[in-house]
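Student: We have chain H already, so just place chain A on it with the hints.
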Amino acid sequence: MNKIYLDNASTTPTDSRVLKAMEPYYNKIYGNAGSLHTAGRESKTAILKARKSIAQILNCKPEEIIFTGSGTESDNLAILGVARACARSLGLAKSNFCSSGECPQGDYPSSKNLFSSALSAHIITSNIEHHAVLYPCEQLEKEGFKVTSSKVDKDGILLLEDFKKVITDETVLISIMYANNEIGTIQPIEEIGKIIKEIRANRFKRNISTPIYFHTDACQAAGYLDLDVQKLGVDLLTLNGSKIYGPKGTGVLYVKAGTKIDPIVFGGGQENGKRSGTENISGIIGLAKALEISQATGKESAKEAKLRDYFIKEVSKKVSKVVLNGHAQKRLPNNINISILDIEGEAMLLWLDKYGIYCSTGSACDSQSLEPSHVILALSRPYEYANGNLRFTLGRSTTKKDLDYVLKVLPKIVADLRRISPVNVRV
Amino acid sequence: MKTKNTKKIKKLDVASSHSGEGWIYSDIVKSHFFKPHNFLAKLPKKGEFDAEGQVGSPQCGDVMKIWFKVDPKGPKGYPKIKKLKWRTFGCASAIAATSMFSVMVTEKGGMTVDQALKIKPQDIMSRLGGLPVRKVHCSVLCDKAFMQAANNYFRSKGQHEKIIVLGHKVIDKRLNITDHDIEDAVLEGARTLLDVQKKLKVGVGDPEAIPEIEQLIKFYLEKYYG
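These protein sequence lines map, in sequence, to chains H and A. Residues 1 to 427 (the working numbering) make up the first sequence, in order. Residues 1001 to 1226 (the working numbering) make up the second sequence, in order.
Check each hint, because a few of them may be wrong.
[Stated by the list, open to error] Quick partial rundown of chain A residues pointing at chain H, CB under 7 Å, derived from the structure:
1. 1039
2. 1061
3. 1063
4. 1065
5. 1090
6. 1091
7. 1092
8. 1173
9. 1224
Simulated from the structure, these hints should not be mistaken for laboratory data. These numbers come from a predicted model, not from an experiment. For glycine and all other residues, C-beta sits at the position ideal for the given N, C-alpha and C.
One chain only, chain A, in its complex shape:
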């Protein structure tokens, strides 16, 4: 199943990424864009949701906000996400990805917060039938918006040990470039050290960082496209 999805993604990516002739959205992306599921139609009433989280800014082109409500006694007796709503400012893939995420979290009786936190960008991409390479960063945002919301949820419940703090490791000390920056570069289409260097100008100031940068590129390539 997994390999099948990967193949599908690759096929679509080739058609879209370097031709300069636009891109191809899968039928699933189109259907979620034109008929989005679970978006927040009206501003929520007090207490309607347990937590909310937001990432992005209109300046950079994408903003996502997520609200969710947990049923403390879910279908099998433990807490599950009963309702997840969202709003998105962004292009078609950003809207479709958030819509798909909301479906994944709430379908089949709903996920626990911990389960939903395990959803990776590539899981959303697979369900969408793939996304053009340079659009991947859009879908990566909805899991981050959810993480913000989940952290707010843990905070409100006093479960501070569960709060996820994203640790960024500085790779290029002179330019203060982190593993996270390299991850973004790979998601935006960089495939080689040269690509990443072009995007971030890494390793130019700190040649000692190059072996680690190369390892990270390999790691993220396998993680997202392997």
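The shape of chain H in the complex, shown without the other chains:
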């Protein structure tokens, strides 16, 4: 049976060119980049080269690139690291005003002071972020931070007017994803970057020293969109290897020089003290190679966009009561996310799997929490839409023939499942 992999937003296969680039770094060049001997220096040189290559793509300085263990880790470092560092510096600023003996000694404010500075520190994110952003934010709420979730419109695009209104003088960090992992919608990062620049200038004028930083999770975008951090106007950017035909377990966090950030992993002080742990040299080489390849293959995305639009058009002809989730144009070239009413996503997924078609669903039955996708719910759609949800994400190897096969099989599956369903929702 033919296997049709349409789950490239979950993860991609590793490109053979990437594998080839990585191969020497397991047992030929294996020294610890922190060692002074020749073997160590070889590794160090290779990592520097990878760092430079990534910096060039991101249009930043090599020392602004931090290698991590995943996109999730980069998101966690960005959010926890920046928020805690900002709260600490706000606490310090407050304690500097004290002149009595009650003031804390040394560089650190008392825990009471830190807590109160956390209370006055504010973070903004969106209601369609990945859990790797949402859960660290929840953690920060427990630590006393204020968190606001800015809303998207029914097409899954951030409502900029609403977003502007929730920014306060206490806002220290804004984290908005570049492109969504479930519905592929592309967020107006450049515009948000400009808004934040204005706010920064305005705060400076009013003598407010509270910093404001902008982080974007670009894991899904990295394979398709421009990653120039100057143009985007971001202070922090997350990307990873597993979504761009690179190795799994590799991540990058771009951190603009001068950004206040505390580490979340402590140890040998690698990555400028921001992320300890012996460098994953083969992973770093592979990630750099994967990013080079994916940024060079611009034509691929036009091909995938064409296939995407073809599928969306055909599926709505062949299946009744089907809706597209997310904006039709402002979405990643490889993302198809639909809801099919009256039946449940996991059941469809398992039938498709039986036919060798691999996709994913935001249905409650498919999640650990038994809660349907927060992204589909954020589109102000009823629960029925979230539970009948399917995501097909195309890749470099996807052909029109593959999609035609899905278009042949899917209507049959839908008809069979609808025959045994007692639900008939009116649209």
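Tutor: Structure of chain A alone, referenced to chain H:
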């Protein structure tokens, strides 16, 4: 026989519940999902069935509807369920569980309504060769859909004394949490007081309720997984 089944269930549960890597369906679940038995293909004609019952809602992810017909003079002279049909909106385990339930009720000449009412979720699970822990609540629904149908049946026959009213006892008075909520929490994977508290926030507002909650957790754990 009983212990054998329990062992089987446990083995499958470990593989599926906390790994975060999906779950394993037994071959029986798969066969009932891909080839369901006794589903209602066409909407019923008037008088085709004696009663119907439905539970769930598409919002929460599962809906089950059951229709059945009783033969007043069954094979041995007393009323037995002759035909039981169903429709299910839900995941694979929900579909497979309803399918299996319909087989259990109608096989070997069929059950009486009273016998069918005695089928417990764990009986269905055993016949299915187990279900992943967090999927158990799906299969629990088909016995409830049947109970609704049976109540409708008793009502139509004037047997009001037989109607089953589910009594829910309020355990945490401040949050209005019942024994039924705790049962659901256990079915969804809670094993300890802490798990249940996390799921329901019980006992936080009413600490006096804690001993009773602990007893209920023990009771439901033994009932479903003991």
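Student: So which hints don't hold here, by number, going up?
Tutor: Result: hints 8 and 9 break, sorted rising.
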